[in-house]
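Student: Order-wise, the sequence lines are chains A and B.
To convert a position in the first sequence, counted from 1, into this note's numbering, add 451.
To convert a position in the second sequence, counted from 1, into this note's numbering, add 98.
Hints in this document: simulated from the structure, not taken from any laboratory.
Some clues are possibly wrong.
Chain A is faced by these chain B residues, among others (derived, beta-carbon under 7 angstroms) [to be verified]:
{"hint": "1", "residue": "E110"}
{"hint": "2", "residue": "V141"}
{"hint": "3", "residue": "M145"}
{"hint": "4", "residue": "F148"}
{"hint": "5", "residue": "G149"}
{"hint": "6", "residue": "T204"}
{"hint": "7", "residue": "R205"}
{"hint": "8", "residue": "W209"}
{"hint": "9", "residue": "Q211"}
{"hint": "10", "residue": "R214"}
{"hint": "11", "residue": "I215"}
Don't be surprised by glycine CBs; every beta carbon is placed ideally from N, CA and C.
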Amino acid sequence: MLSVEQVTKCYGDFTALEDISLEFTQGVYGLLAPNGAGKSTLMKMLATLLFPTKGRILWDGEDIAFMGETYRGILGYLPQDFGYYPNYTPRQFMRYAAALQKLTRAVADQRIDRLLELVGLSDAADKKLKKLSGGMLQRVGIAVAMLNEPKLLILDEPTAGLDPGERVRFRNLIHALANERIVILSTHIVSDIETIAGQIIMLRDRRLLCCDTPSQICSRFRGKIFQVPADVPLRPHQHVLSEGQGENGTVLRILSDMPPSAGVAVAPTLEDAFLAIYTAGESEHIR
Amino acid sequence: MNDREGILPSEEEKNRAVMRILDTAMPQKKSIWRELYRTVNAVGLRMLFFGVGDCFFLAVLVLCVCLIPAAAVMVRTIYLASCLFMVSPAFYALAHFLTMWKEYQTRTLEWKQTWRISFQTIMALRMLVLGAVSVVGSILLCTVLWSLSGQAVSFVWMLSVAFSALFLYGGGSLLCQRLWGMRAVMLVPVVWIVLSLIPVTWEPASIWLMQIPVYVFLLIAAAGGGVYFSQIYCLVSERSHIQALL
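Just chain A, same shape as in the assembly:
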């Protein structure tokens, strides 16, 4: 089990994260927050690339700051915008990563074949990395992060820059990898995690806003989300969350404490909750 205990991270006078406490057990966790909310800072602290200014992070009761290689042995990490050597093939790059993960050549070759098949890159195993698409590179990244069969898999904005088809494929892949390990996935795109994450972690104003199941988060907005025609004038305290196309033209999804005239109550989605919290400032509902 991974525990984050009252962690604060400061860069000089700037506080990036304040008093964060979390517990992770087996399953997929989605870290959802807008850009600049401190997602990457938290992910980097979990990957021991940064260390807390206050508080501590524990793996099975042991401070990860002092576990060194033992912790890195159970960690799989995919950085946001990761680097690679473009003139090498996925297989060569994975052999290199496997050597630095202290795997023997025989074990490495076996795992590389299995992982490349799992991520659907068996045919591209011997093509140069520079010739692969963004989605394929991201899948190579996942395969590299999985080489040591980690108990903790941390993926920092793994779907950034992927097209919709690749995003779906990626979600399916994460779902397949989630058995018997903790997967922590950061994103600012709600659809990336709403179907695969068992728990959603939200950060706001450098603090932890909530850590709950998607349905629990949505339920807090039940009876407050309405769909209204786009031409209906809105009252104060009614916030537009999004717009879409209905049978009779453009419709708005709004957040309102009282049912609006000509409005139809709709079931809140995680995207509604996200927009309500981060654009309409309705974090009171979630606390």
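Chain B: place on chain A using the hints.
Tutor: For chain B alone, kept in the frame of chain A given last:
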């Protein structure tokens, strides 16, 4: 009984707890040098320089191009010390700069830092290999220059000049890198070139260098070597070192 099984720790958890207590109470002395030796045996030299082979090729190419005109100046005895001082760490400086620059540009540092064999260890091993190659290169350079200059000066004196420059640069660059991070990787070679050019272009300084006795250079080499190895030790053992580079 079943309830008790749920509450009591498993055998694995008990063993881990005992190991943790023992580790805390009686920490094992870890030899970083033995650890580095084991790593290089396990990983192999090729993997140490994976992805940065082109940097060495480029470093050798640049050195060959620069050494041809430099050799013409070096055979004049008066400039021997100043030129040796500038050229001895050249391969080390160029190769180190180019590999670090490439790692930085390809954005692989962050990722490598989370693998079991940390990037600090890889960097330390690369520094040691580069240092060893540079020592051999300096001996060869001194031998060639000694022959070309008609054995005008002592071979040991030439070696002491070359080694003092090499270890001073190696130790200094690692120390600056530890203090100032990636900025130092770029700045130190430039500062070294500027400082080395003073005696090359200003004759009185060159003459002064030629008069420094061998034991002074040997002392500088020993001090530089001390700083170099202590910084390698810090590089492997301090987690803050790499954070400056990220």
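Student: Does each hint fit the structure? Answer for all of them.
Tutor: Results for each hint:
Hint status for E110/B: violated, given a least beta-carbon distance of 10 angstroms to chain A, over 7 angstroms. At a threshold of 7 angstroms, the smallest CB-CB gap from V141/B to chain A is about 5 angstroms, leaving the interface hint in force. The criterion of a C-beta within 7 angstroms of any C-beta in chain A is met by M145/B, whose closest approach is roughly 5 angstroms, and the hint holds. Given hint, F148/B at the interface with chain A, holds; its Cβ is 5 angstroms from that chain's nearest Cβ, closer than 7 angstroms.
Residue-level restraint check for G149/B holds (minimum Cβ-Cβ distance to chain A is 4 angstroms; threshold 7 angstroms). At about 4 angstroms, the closest approach between the beta carbon of T204/B and any beta carbon in chain A falls short of 7 angstroms, and the interface hint on this residue holds. For R205/B, the suggested interface contact is upheld, since its CB lies about 3 angstroms from the closest CB of chain A, less than 7 angstroms. Among the interface hints, the one on W209/B holds; its C-beta lies about 5 angstroms from the nearest C-beta in chain A, closer than the 7 angstroms criterion.
With its C-beta approaching chain A no nearer than about 6 angstroms, Q211/B sits inside the 7 angstroms limit, and its interface hint holds. Given the 7 angstroms rule on beta carbons, the hint for R214/B holds: about 5 angstroms separates it from the nearest Cβ of chain A. Satisfaction of the interface hint for I215/B is found here, the shortest Cβ-Cβ separation to chain A being roughly 5 angstroms, below the 7 angstroms cut-off.
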